[in-house]
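Chains as they are written, first to last, in this note's numbering: chain U, 1 to 244; chain W, 1 to 418.
None of these hints come from the bench; they were simulated from the model. Glycine included, every Cβ here is placed at the ideal spot set by N, Cα and C. Mixed in with the good hints, there may be bad ones.
[Unchecked claim] Taking lysine-lysine and the PhoX-like style, the derived pairs with C-alpha atoms no more than 20 angstroms apart in a straight line are:
(1) U:203 x U:242
(2) U:116 x W:157
(3) W:410 x U:93
(4) U:203 x U:233
(5) U:116 x W:21
[Said to hold, decoys possible] Non-contacting residues of chain U with respect to chain W, defined by C-beta distances greater than 10 angstroms in every case (computed):
(6) 148
(7) 153
(8) 220
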Amino acid sequence: MHNTKSNIYLCGTKLKIQIMIKLENINKSYVNGTSLHVLKGLNLNIEKGEFVAIMGASGSGKSTLLNILGILDNYDTGSYYLNDILIRDLSEKTAAQYRNELIGFVFQSFNLISFKTAVENVALPLYYQGISRKKRNLMAMEYLEKMGIADWADHLPSEMSGGQKQRVAIARSLVSRPKVILADEPTGALDSVTSIEVMDLLKSVNKDDGMTIVMVTHDPDMAAMAQKIIRIKDGVIGSIEKTF
Amino acid sequence: MNNFFDPDRWQEVWLTITRNKRRSFFTAFGVFWGIFMLVIMLSSGNGISNGIFAQVQDIPLNSCFFWTNKTTEPYMGFRKGRWWSLNEGDLEAIKAQVRDLDIIAPIMSGGSSNVVHKDKTGRYRVKGVPGNYTQILPQVIYYGRFINEMDVREGRKVCVLGKKVYDELFMRGQNPVGEYLKVGGITYRIIGVSDQTATGVNINGRDGEGIQVPYTVIQRLYNSGDDIHMFIVTTKKGVSIVDKEDYLKSVIKGRHSISPSDDYAIQCLDIEKLAKRYNLMLLGINLLIWVVGIGTLLAGAIGVSNIVMITVRERTKEIGVRRALGAKPASIMSQIMSESLILTLIAGFLGLASGVLIMDIVNKFIPNDPNGFFMNPHIDFQTALISSAIIIVCGLLSGILPAWRALQIKAIDAIREE
Numbered sequence: 001m002h003n004t005k006s007n008i009y010l011c012g013t014k015l016k017i018q019i020m021i022k023l024e025n026i027n028k029s030y031v032n033g034t035s036l037h038v039l040k041g042l043n044l045n046i047e048k049g050e051f052v053a054i055m056g057a058s059g060s061g062k063s064t065l066l067n068i069l070g071i072l073d074n075y076d077t078g079s080y081y082l083n084d085i086l087i088r089d090l091s092e093k094t095a096a097q098y099r100n101e102l103i104g105f106v107f108q109s110f111n112l113i114s115f116k117t118a119v120e121n122v123a124l125p126l127y128y129q130g131i132s133r134k135k136r137n138l139m140a141m142e143y144l145e146k147m148g149i150a151d152w153a154d155h156l157p158s159e160m161s162g163g164q165k166q167r168v169a170i171a172r173s174l175v176s177r178p179k180v181i182l183a184d185e186p187t188g189a190l191d192s193v194t195s196i197e198v199m200d201l202l203k204s205v206n207k208d209d210g211m212t213i214v215m216v217t218h219d220p221d222m223a224a225m226a227q228k229i230i231r232i233k234d235g236v237i238g239s240i241e242k243t244f
Numbered sequence: 001m002n003n004f005f006d007p008d009r010w011q012e013v014w015l016t017i018t019r020n021k022r023r024s025f026f027t028a029f030g031v032f033w034g035i036f037m038l039v040i041m042l043s044s045g046n047g048i049s050n051g052i053f054a055q056v057q058d059i060p061l062n063s064c065f066f067w068t069n070k071t072t073e074p075y076m077g078f079r080k081g082r083w084w085s086l087n088e089g090d091l092e093a094i095k096a097q098v099r100d101l102d103i104i105a106p107i108m109s110g111g112s113s114n115v116v117h118k119d120k121t122g123r124y125r126v127k128g129v130p131g132n133y134t135q136i137l138p139q140v141i142y143y144g145r146f147i148n149e150m151d152v153r154e155g156r157k158v159c160v161l162g163k164k165v166y167d168e169l170f171m172r173g174q175n176p177v178g179e180y181l182k183v184g185g186i187t188y189r190i191i192g193v194s195d196q197t198a199t200g201v202n203i204n205g206r207d208g209e210g211i212q213v214p215y216t217v218i219q220r221l222y223n224s225g226d227d228i229h230m231f232i233v234t235t236k237k238g239v240s241i242v243d244k245e246d247y248l249k250s251v252i253k254g255r256h257s258i259s260p261s262d263d264y265a266i267q268c269l270d271i272e273k274l275a276k277r278y279n280l281m282l283l284g285i286n287l288l289i290w291v292v293g294i295g296t297l298l299a300g301a302i303g304v305s306n307i308v309m310i311t312v313r314e315r316t317k318e319i320g321v322r323r324a325l326g327a328k329p330a331s332i333m334s335q336i337m338s339e340s341l342i343l344t345l346i347a348g349f350l351g352l353a354s355g356v357l358i359m360d361i362v363n364k365f366i367p368n369d370p371n372g373f374f375m376n377p378h379i380d381f382q383t384a385l386i387s388s389a390i391i392i393v394c395g396l397l398s399g400i401l402p403a404w405r406a407l408q409i410k411a412i413d414a415i416r417e418e
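Looking at chain U on its own, in the form it has when it is part of the complex:
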């Protein structure tokens, strides 16, 4: 087990900071006729309870980074620790299990299953944990209530607005009590008012539950609502700036 706990002394007080995501010298190339080196020795630490926004021009490698963070894609060299667990060369089965237990996904296009009602969509991650129907629907309702759309529990996604869909998606990402939420352009398909509502929701999840959130976005206004903005440039970290 790799030690990701570091002791930092500030004004004589010992603060214990836990690193949730630790990327060390990550390299990733796509071989497709010609070799394309996307991530070039990327290093990144994200602490537990942080809300970070990842920005970068298209082709900078931010999507690839998110895929690696989400255990959706492999990397070539380096190491990736998520919650102190080394994520490398996992079997599909283990990867699925880790995704289920450690990560909650929020997508730009919501990715709700169209023929399932809101509550069924939210309960789906729990189905793959083998939790009984009754119990998982109860838990799903709890999270729908938290997102303020309990009234829409029995509606299909097609009957809901974009903002409502994204709330359902956020409820789904939270229901399995993951360690980190990965949000890929969560406001990309929403109008500005709804975008701010969704961002406020994410912020409150971050603040109230202490949930670590990593959000990829290209909208500077949205990125400004996170605690940190990490800019990716040419496959490495370009800059990290704190927002205030």
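Dock chain W against the given chain U, drawing on the hints supplied.
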């Protein structure tokens, strides 16, 4: 979670099927149609088979009917075109000379006669038969008994009525045994009522539509000595009648100075040959039915596979999302396979049931004609079992390819924006 019998798993499968009704319907229709057609065709095949075999039902396969004709060749000083008769001596001769014969039954034709019972009359064929006649042409006895050896030996004036004769001359439910009947002016005592079980055999008129008397009575009536009009022989168990025919004919030809090469003078109808021909025909029909049926079914299964395949492609996003949310490959595989299986099972058994139902209705509407070549079309339990097994195999097979395809879908595909 991956437990096969986990109700939750099937609920998930059922939900996916029922929430996508149109897709499910079109997927399942191919298999439904395949099984439906297979059942219809197999039932029809059975109907033809039943129809054909009812014609010779219960008649021993190793039996042969012999009768005479004009000679067609001059021989030993006789001109051609001579009428000749079989006699009881011939029967004694073949009994002595042809080995392995079992039953030898002489038959006399009594022509059509006016039959009178009290105030009712009718015109019916009269046939003279021996006591062992029913061993070859089995009959259902409704009242009383059949003619026995004693009746024949003593030439008793007794008769057995055909079912049709009884129906026309007597009240329904009335026991005619012991009553008297006038046939062509001669009084007979009724000893029984019967009908033949084989619907297609007709020797000088149907037994169920005429009157049967001891053959010795007819001989005396026509003063024809020991002449007989035709006879039936059967061979012992395990001996083919076909092997005996030629020798039997030659013995009789020899006794009546008929040219050995005169095939027209003595004729025979061989049930064994007949059955063989029927069997061959039925085999052909059944083979055709199975080939076409399995083909239809296979086309249905391939159709299911194809549609599920397209469905999987359409569901790339859904499957990708499921995988992102933590669905293990085995659970995706079992989801797709289970969907195929459930769809094929439901469609298959619906097809099976509808096929059986339709044929049941058809059966009610076809006339119950004993001469018909189509009877009681249905599939037997064994065929239903085989069909069910085929449905299940098809269901599993049609799921394999799409399930494999679904496995190739990575969670990353769900996230990639189109």
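* **Restraint status (C-alpha distance of residue 116 of chain U to residue 157 of chain W at most 20 angstroms)** => Roughly 87 angstroms between the alpha carbons, so the hint for residue 116 of chain U and residue 157 of chain W is violated.
* Measuring Cβ to Cβ, find out whether residue 220 of chain U lies farther than 10 angstroms from everything in chain W. => Residue 220 of chain U clear of chain W: closest Cβ-Cβ about 20 angstroms, beyond 10 angstroms.
* Is it true that the CA of residue 410 of chain W sits at most 20 angstroms from the CA of residue 93 of chain U? -> Within the cut-off at roughly 12 angstroms; holds.
* Satisfaction of hint between residue 21 of chain W and residue 116 of chain U, Cα-Cα up to 20 angstroms -> holds, 13 angstroms
* Checking the smallest CB distance to chain W, is residue 153 of chain U really beyond 10 angstroms? -> holds, 16 angstroms
* Do the alpha carbons of residue 203 of chain U and residue 233 of chain U lie within 20 angstroms of each other, as the hint requires? -> Between residue 203 of chain U and residue 233 of chain U the Cα gap is close to 26 angstroms, so the pair fails against 20 angstroms, i.e. violated.
* To do: For the pair supplied as a hint, residue 203 of chain U and residue 242 of chain U, confirm whether the alpha-carbon distance does not exceed 20 angstroms.
  => holds, 15 angstroms
* Holds or violated: is the Cβ of residue 148 of chain U farther than 10 angstroms from all Cβ atoms of chain W? -> holds, 22 angstroms
Violated hints for the displayed structure, listed by number in ascending order: 2, 4.
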